[in-house]
Structure formats: C-alpha cells, structure tokens
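Protein chains in written order, with the numbering used here: chain A, 49 to 196; chain B, 49 to 196; chain C, 15 to 91; chain D, 15 to 91.
Treat each hint with caution, since some may be false.
Here are the computed distance ranges between Cβ atoms for each label pair [to be verified]:
no. : chain 1 : residue 1 : chain 2 : residue 2 : range
1   : B       : 136       : A       : 123       : 32 to 38 angstroms
2   : C       : 33        : A       : 75        : 34 to 40 angstroms
3   : C       : 53        : B       : 121       : 53 to 59 angstroms
Simulated from the structure, these hints should not be mistaken for laboratory data. Idealized CB from N, CA, C, for every residue including glycine.
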Amino acid sequence: MDIKICPEPFDPWQEIKAYQHSAKNIAGKFGATSIFIGTMRDFNEGDDVKGMTLEHYPGMTEKQLEKIVTEAIRQWPIIDVLVVHRVGDVLPNDPIVLVAVWTSHRGDAFDASRFIMEELKSRAPFWKKELLKSQAERWLVKNTDGYL
Amino acid sequence: MDIKICPEPFDPWQEIKAYQHSAKNIAGKFGATSIFIGTMRDFNEGDDVKGMTLEHYPGMTEKQLEKIVTEAIRQWPIIDVLVVHRVGDVLPNDPIVLVAVWTSHRGDAFDASRFIMEELKSRAPFWKKELLKSQAERWLVKNTDGYL
Amino acid sequence: MSIKVRYFASLKESIGRSEDNLESSGLATVGDVWHSANPNKALPDNILAAVNMEYVGLSNPVKDGDEVAFFPPVTGG
Amino acid sequence: MSIKVRYFASLKESIGRSEDNLESSGLATVGDVWHSANPNKALPDNILAAVNMEYVGLSNPVKDGDEVAFFPPVTGG
Chain A
49 MDIKICPEPF DPWQEIKAYQ HSAKNIAGKF GATSIFIGTM RDFNEGDDVK
99 GMTLEHYPGM TEKQLEKIVT EAIRQWPIID VLVVHRVGDV LPNDPIVLVA
149 VWTSHRGDAF DASRFIMEEL KSRAPFWKKE LLKSQAERWL VKNTDGYL
Chain B
49 MDIKICPEPF DPWQEIKAYQ HSAKNIAGKF GATSIFIGTM RDFNEGDDVK
99 GMTLEHYPGM TEKQLEKIVT EAIRQWPIID VLVVHRVGDV LPNDPIVLVA
149 VWTSHRGDAF DASRFIMEEL KSRAPFWKKE LLKSQAERWL VKNTDGYL
Chain C
15 MSIKVRYFAS LKESIGRSED NLESSGLATV GDVWHSANPN KALPDNILAA
65 VNMEYVGLSN PVKDGDEVAF FPPVTGG
Chain D
15 MSIKVRYFAS LKESIGRSED NLESSGLATV GDVWHSANPN KALPDNILAA
65 VNMEYVGLSN PVKDGDEVAF FPPVTGG
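The shape of chain A in the complex, shown without the other chains (with noise of 0.2 angstroms):
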C-alpha cells in the first residue's frame, strides 16, 4: 500500500508502472485492476478556469487517506492500493488524484476503488480554490456525491 501527496506534477501511467513493478510480489497473483483518475478541466460551471490552488492539512490528509484506505481493505479482499493526490498549483489537463485497487476479481476491485474515491471527495482535507480566466479566485464549496 501506498499513498502520495504530490507538490509536482504526476504522470499517473509511470506512477502505476513504477509501482505495479516494484510490488514484485503480486506479480501473477492479481486479475483486476481498477484506477481512478481525476483530471483538472479548463471549465467550470460555465466558467473558463485557467488554474487551481490545491491546499491540504499535512499529516490530517495522509491520516484520513490511510483510514480510507484501511477501510477498504477490511471490506474487500484487496492486493494493494496506490493513492497519490496532487497538491499545490495545478493547471488544466493535470492528473490531480489517481486511485489504484488490485485484486483478484474485478467486482472487488471495482466497489473498492470507488469506495476509496468517494471517501476521498468526502473525508481527505484537501480545498480548491479556481482561477477564472476573469482572474477572479473562487474556492470550490462542495464535493458532488459520485454514486448518483
């Protein structure tokens, strides 16, 4: 298991590679992956948003990602999870959180993944905070829920 907060930006194909590659010892034993990515888009509500600023609470935010985390794997039989979250200035068409679950079957790797995203939205300390092309600054106010 693995969880990462990102001051830079995140390729998250070498992420995963780098870690599937290094975890030797699920080689061969795991069927189904499952992976989330969130992408920074250039829009929002009708706005054109040329960046963001990515705060989070150091220590409260890995914290709460190894609760999640820990969660999920007392639900599902997991192999292993990777979960690496982007902080500071970010902007449009960068990865901002990737989720990986590895399992045997895929239907656990499916509700897990989703699983940990949706805890993610609701429980990790991060905040946004967009910059307009208007050059107005706005915080984002709340997380959508991602089962509806």
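Position chains B, C and D against the provided structure of chain A, taking the given hints into account.
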C-alpha cells in the same frame, strides 16, 4: 473511440497514454477517467497455470465490442472510450483486457467502464484455454458475474 | 443455397472441424444448419449461435450466403 | 493549558490567520477553543473541526497539547 484486438503483448499504460495524446480534442475536457485492466494470473481454481490461449471470432468480436461501447455511449455522457483485448498465446502477468472511459464526472466513468467490462465478459466472443503446469489443457467454461 | 458454418473453441475441438460449407436446399433455420452439418450429433447444451456475427436463437431463419457460427459460452475479459 | 489552533482554505482567508497558539485555562471543548481564539466571531455554518487530525464535533473535549483545526467542507479528488 477505439477498439483494438492485440495478437501481441501490450502495455496498458502505454496504450492509454498514447490514446489520450492522440485524442487531442479531449484534453482539458474530461475530469474523470476510469480504467479496468484484467491480467492473467498464474493460478486458477486451485491449479498452477503456465499459459493460456485466447481464441476469438475475428469480425464478430469487433462488431460485438462496438455494439457494447455504443450502448454505453447511449446510456452515459461519455467523452471517449478505449477497449484493448489480447488474443493468442498469453503468459501469466500479461494484461488481457483494458477498458478506459473518459467522462466529465466520476460516477459516469465508474458506471460505464463497469458496464462495458460486464457486457464484454458476457457477449464478446473470446474463449480461454488454460495450459496447466501439469501440461493438461482445459477450456474455461463460464465467466462469473462481476456485480456479485 | 450456400451457407458457411463456423465452429469455435471447445466445440471446434470436439467436432474436429473449424468450418463447413453447406450447399443444400431446405435449410430454413439455424437449427436446420446444425443438423445438416452434423447429422449424427445433437447440438450440445449451452452452445450459442450467431448469424452474420449477430447472436440469434436456433429458430432464427437463414438465407443463402449467411455465415452461421456455433460456439460455447464466451470467457473473455 | 496550551492549544494550537489551525485554520485552512477559505476560513483561513476570512479570518486572516493560519494559526493561533492559545495559552489559557477553562477550555473544555472544541467549541470553547473557537470562541477563545475568535471572541467576536460565530463559527460559520458547515465548518468542520478536527482534534489531533481526527474529525470531531464541537462538543468534543480538548486537553493540553492538542492541535485543533477548523476548516470548510473538503473539495479534493
């Protein structure tokens, strides 16, 4: 949208990365990417597995996959879809199937990628024959329901 | 009429052929095609059928030039 | 008793501080900590609280050395 049948091993990360780069019109537009990768395990039903042959019905396989993806696009607001499926001789730890769905919002990406995987498992004409360590060969007889 | 018949996977192995080219009249349905191509063999349980690469039932009509396929439940993904 | 108070995101901006170090007696709960640090300001609606990096309610007790944080609903992912 792209659907590929691969007679040779493929690198799922390279496939997604290359596809995302080639589909330039989606940059900045998608907020969510849900990816599923099915990988060959080195054991199944209690036996050590040395390898596998993946047979398909050229023409019908592509046609059925296109129908499945078209059904998904009708049901969810999908920006793009990539489906890659391996055929031929497969070794443990080789990726077998890749489904990637790009959407604006995460719930749609999760739902659509899972739908495509389940439909692929139940309708796309592929057949697996395992070669066991004991040298015995056996055809897999049935896919399990991934929603259970 | 002329019908191409194709077999896949374990069914192909048990029959020992991957395809037949039927030239015969009186083939009205997919079931007829099976029996004409395999006169001494009942269609095994669970075998699926397709006409021109679309899934169909055994009572589905066939016409000259069709490709009819028989195969076991699929196990891809 | 000594309590470190931290503020994040829009709350930090509206308060104009990222942290306070309280040295005071009579702080029994998280709510007391807020009022001691921000005597003229009601806790805004929807603000969340944590003690030592775990979510808590406003009536949660605090003790010497705790880190208490206040912040708006999270918007990561």
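Quick rundown of the hints versus the structure:
Between residue 136 of chain B and residue 123 of chain A, the C-beta spacing of about 37 angstroms keeps the proposed range 32 to 38 angstroms intact. A hinted range of 34 to 40 angstroms for the beta carbons of residue 33 of chain C and residue 75 of chain A is consistent with their spacing of about 39 angstroms. Between residue 53 of chain C and residue 121 of chain B the C-beta distance comes to about 44 angstroms, which lies outside the given range of 53 to 59 angstroms.
Checked against the numbered hints given earlier, this structure breaks only hint 3.
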